[in-house]
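**Q** Those protein sequence lines, which keep their order, are chains A and B. The numbering used here puts the first residue of the first sequence at 47, with every later residue one more than the last. The numbering used here puts the first residue of the second sequence at 634, with every later residue one more than the last.
Honestly, I wouldn't trust all of these hints.
Calculated lysine-lysine pairs in the DSBU-like style (CA-CA distance at most 35 Å, straight line) [said to hold, decoys possible]: (1) B/690 with A/98; (2) A/102 with B/690; (3) B/647 with A/102; (4) A/143 with A/123; (5) A/114 with B/642; (6) A/98 with A/123; (7) A/106 with A/153; (8) A/143 with A/106; (9) B/716 with A/143.
Worth flagging that the hints you see were computed from the coordinates, not collected in a lab. Given the structure is predicted, the values throughout are model-derived calculations rather than measurements.
The lines below spell out each chain.
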Amino acid sequence: GNSVTQMEGPVTLSEEAFLTINCTYTATGYPSLFWYVQYPGEGLQLLLKATKADDKGSNKGFEATYRKETTSFHLEKGSVQVSDSAVYFCALKGGNKLTFGTGTQLKVEL
Amino acid sequence: DGGITQSPKYLFRKEGQNVTLSCEQNLNHDAMYWYRQDPGQGLRLIYYSQIVNDFQKGDIAEGYSVSREKKESFPLTVTSAQKNPTAFYLCASSRLGQGDLQETQYFGPGTRLLVL
């Protein structure tokens, strides 16, 4: 079956640091890939997505590239802010279902 | 504004009691979903529905029931058979079909269920 593996958190960074959150997946066929963000006490918000190999999703300074050869979709941001503190979920869509990773908590400090 | 609403924000369940969580969307989406989120875990699919009066079990349907009498509404009932109901419940919706827009699920703000 499909599965998503994310790096464990929490990840603690200083403001303006570079962020990478690793995500790898196992799936049959050609799934679409997503990053969702969850702020404390709230639902999930779509951050970015990519629907085919070599696509780059980007939003609010975050980027992720769909790498079929390494089955990865790592999330990056060049300069994080305190307001980026949240839990980030990598997910893939195969058929009708979304499969989520366990989430990575990001804490950004001044 | 278009979106997904869930109510209540917090819900308390007594032993042996059934409780119902509400989910409404005005996005004109055909598909709706219920997920359960536990601390330190990803989201797990409980039930989903692609059309009115039809729904399918997800990965952890035992102890839950749903109905889809209207396109806009997909309530979830947590029955007394669910022995560990304390969790954060998230409802989502999406379009159906092929293409970029149909791929994305949009989430509501969630309901936190606590057992007394």
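**Q** All hints are to be evaluated individually against the structure, with a verdict given for each.
**A** Against the structure, the hints come out as follows:
1. B/690 with A/98: 28 Å, holds
2. A/102 with B/690: The given pair, whose Cα atoms are some 33 Å apart, holds under the 35 Å limit.
3. B/647 with A/102: Outside the cut-off at roughly 48 Å; violated.
4. A/143 with A/123: Roughly 28 Å separates the two Cα atoms, so the pair holds.
5. A/114 with B/642: 39 Å, violated
6. A/98 with A/123: 21 Å, holds
7. A/106 with A/153: Roughly 17 Å between the alpha carbons, so the hint for residue 106 of chain A and residue 153 of chain A holds.
8. A/143 with A/106: 26 Å, holds
9. B/716 with A/143: 25 Å, holds
Consistency with the previously given hints fails for numbers 3 and 5, ordered from lowest to highest.
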